[in-house]
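Spelled out, the chains give:
Protein chains: 2
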Amino acid sequence: MAKELDFLTKRSEDYSRWYNELVVKADLAEQSDVRGCMVIKPYGYAIWEKMQRLLDDRFKETGVQNAYFPLLIPKSFLSREAEHVEGFAKECAVVTHYRLKTNETHDGVVVDPAAKLEEELIIRPTSETIIWNTFKNWIHSYRDLPLVVNQWCNVMRWEMRTRLFLRTSEFLWQEGHTAHATREEAEDRAKMMLKVYADFAEQVMAVPVVQGVKSETERFAGALDTYTIEAMMQDGKALQSGTSHFLGQNFGKAFNVTFTDEQNQPQYAWATSWGVSTRLMGALIMTHSDDNGLVLPPRLAPTQVVIVPIYKNDEQLQKVNAAVNPIVEQLRGMGISVKYDNADNRRPGFKFADYELKGVPVRLVLGARDLENGTVEVMRRDTLEKETRQLEGIADYVRTLLDDIQQNIYQKAKAYRDARIYECDNYDDFKARVKNGGFFLCHWDGTAETEAKIKEDTQATIRCVPFGFEQTPGTDMVSGKPAVARVLIARSY
Amino acid sequence: MAKELDFLTKRSEDYSRWYNELVVKADLAEQSDVRGCMVIKPYGYAIWEKMQRLLDDRFKETGVQNAYFPLLIPKSFLSREAEHVEGFAKECAVVTHYRLKTNETHDGVVVDPAAKLEEELIIRPTSETIIWNTFKNWIHSYRDLPLVVNQWCNVMRWEMRTRLFLRTSEFLWQEGHTAHATREEAEDRAKMMLKVYADFAEQVMAVPVVQGVKSETERFAGALDTYTIEAMMQDGKALQSGTSHFLGQNFGKAFNVTFTDEQNQPQYAWATSWGVSTRLMGALIMTHSDDNGLVLPPRLAPTQVVIVPIYKNDEQLQKVNAAVNPIVEQLRGMGISVKYDNADNRRPGFKFADYELKGVPVRLVLGARDLENGTVEVMRRDTLEKETRQLEGIADYVRTLLDDIQQNIYQKAKAYRDARIYECDNYDDFKARVKNGGFFLCHWDGTAETEAKIKEDTQATIRCVPFGFEQTPGTDMVSGKPAVARVLIARSY
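Going down the list, the sequences are from chains Z and G. So the number in my numbering is just where the residue sits in the first sequence, counting from 1, plus 575. So the number in my numbering is just where the residue sits in the second sequence, counting from 1, plus 575.
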């Protein structure tokens, strides 16, 4: 066993390397031959699909409708909203031609210079511009509002340094875009979607998050307010896991989206946008997994239970099969996904290590002696604890155990994180400690200068002004100026 | 009523215009400001989502796993497979740069010439090349096979003439890609997926299809065999609705994907690919809909039942509400999607016309007199027949009615199509009649010359050599040469 598990770098040795290895070895994703773009492998995609489905259900409960908008955006659209273009134009894939032709030596293809576009097209880095250009035709009266639209799609931002799931040039995400008749309604929607993200992260992914609002510097390009959920990874760094933006009337004005209100007066529409991406996969992996591999919350595990038989000969295997089949049926009847791995091409020890690596939440092992005793060995992946149980009633037990694992890994992650949230009032102390990770709650004078100095000195950034935390005024630890509140500061991914 | 329905061009007047108007007026899709790219609106996307979900379930029953591969493909990959590059390189969106910069007058952005890519990237027109380049790393031994992978994604082919859903530069689809150890297994998979498509078209979309195999001329670029399902639209034209390709070892050889077989010998892997796209939306719309608007099969209708109250005052409305609410609950309990439209901003006549336009399969209307009599008016969208039923037991009746509508529209479409399939042995006769639509079963000598002549003379093409049809040898109607079988010839979309 030991040998088979040894191949993954330990978190304590090199956390970053552990992550990179785990993503590849657990068959979640890999680098493609296209710079910065990943291939999401079937096992990784199966987890993403579950996340999509469960998030989408939650969106629809709040009245969201899905739609689809073009991949390509005319270059000029980007320039319409002044801040937006600054934020996104600099890292775009640009389509300039629409045809290739055979080369002169007839052994390859070259770009056909005759097929040059009049206006270049950008692969969407985010779709506010093309969607608000479309909303213009959909919105005329207050009766057309609110418009609450979402799309699941791919987007592209040309990143210089990429890491699987955490930062890739192409990634998958959902982007919600809404239009409202009033400022208040738009602000409420932006906050509502933050809550949807936070609930999803905590209840489904079992990832505890801090909710808050970004500083002006860290806002989305074109937003008046950016709300965020911030998760803590096991190295104490923050991972921004979802954002929801109140965009004011910026895009309404940029794309001339007006409606007549109940008093028959023209008004610009109010906007929000909000998104989560395949980056959530990174949060999921880094929050729970250990030196043996993935630890998956049962609600997202493609296989929730694996059953492995131990046998010496075909006769024994037949007996184990006969005992296991009704259990498989019972579990499936409860809506639990089960794999019975009685293939004979791998030794049990190899199977054990592989399912641990893949993060299957519960493992049942049945051998000849178990059959005699009417027992089964149960292992839970989160704690690696084994116990021997009676076969009788095992399906009900497994169901309860899955719920317990879901709760346990959330509580474990929360305890880990809570132990690393520090109030800090001294900048020297902060500088010494922040490099070791953790969330620091510090008074901030609200200036971009202070923010920039912290970042320059320590690489840490203001992650957000956190919600749900009792605030008292104080003194900025850097400038010594008065500060109305503490902000959350951390190094981040 | 008449007035409200008059706004849609009649099919008999101009079928093509009727389709274009219907897609837009029923809120399914619209042209975007990006040439050839559509916006799929929420109502259209809700239908597509149902199609996706039901197809995906069927895929998974056959062992398909979803994954995701990069949007962009290095230009050189396209040249690896000789036929493939001919088929696809000529209509590709080409990414040449990865950055924009502010222009000299500071009022817009321009392509940054410093950010030119060393090798241009193509937006995938289909993904055989990048996927087989990836498979190379996944396949080593016969134990790694078969590999049965699918992705749901967007693709792009630069089309000169576009029509919503039927032909757009960007479209959504699924593309399955499989690798096998033997020729036979790959051929079986290609045929299996054709059957999945045919069953889906007929049982879910209620669209009857002819299954068959393409002529060499009409094959997918790089395939040894292309299987197809062909549906007949109401104008008698064929719509190719899904294809499944047996690719032989072409991509295995082009990307050097080998495995060691059970005798430890190296072999090239055998391939299939298969796809259906948002084009299916066009097939769905054109097969069933009428001059009043969409007709949707209940299994794909986002709203299966709409209930409209008729009332003169609030007191009456309250009474209708009280009678309707338990019916809504009962129907929802049966898994039926119901909308109770008691909004007071539109007259009932307008609501009726709108739900007919949107193709809601069943409409229930309740007024004050119905309450007195314990009755309800039921209208079925497919035949527009109205009847008055007892309220008692109405939910059970509606459930049965939905099944009946699903069957009826399939039978209706099948009868319509079957009456327009002609055996034809005379080329003059064929030329005179084919312009009026219909599927012609004609003996073909198997030559590309005859095929080209038919196309040139009539714009009609060989859609396929149809399966499930008793073949007898005969004489080619064009060349007079001997022919082993009849092929299906039609004008097409």
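Hints in this document: simulated from the structure, not taken from any laboratory. Predicted model only: the values in this text are computed from it and were never measured. In this text, a Cβ means the ideal position worked out from N, Cα and C, and glycines have one as well. One should not assume that every hint holds.
Said to hold, decoys possible - Facing chain G, a subset of chain Z residues (Cβ under 7 Å, in silico):
| no. | residue |
| --- | --- |
| 1 | Ile615 |
| 2 | Ser654 |
| 3 | Cys667 |
| 4 | Val669 |
| 5 | Leu675 |
| 6 | Pro688 |
| 7 | Lys691 |
| 8 | Glu695 |
| 9 | Arg732 |
| 10 | Thr1022 |
Checking against the hints above, which ones are violated?
6, 7, 9 and 10
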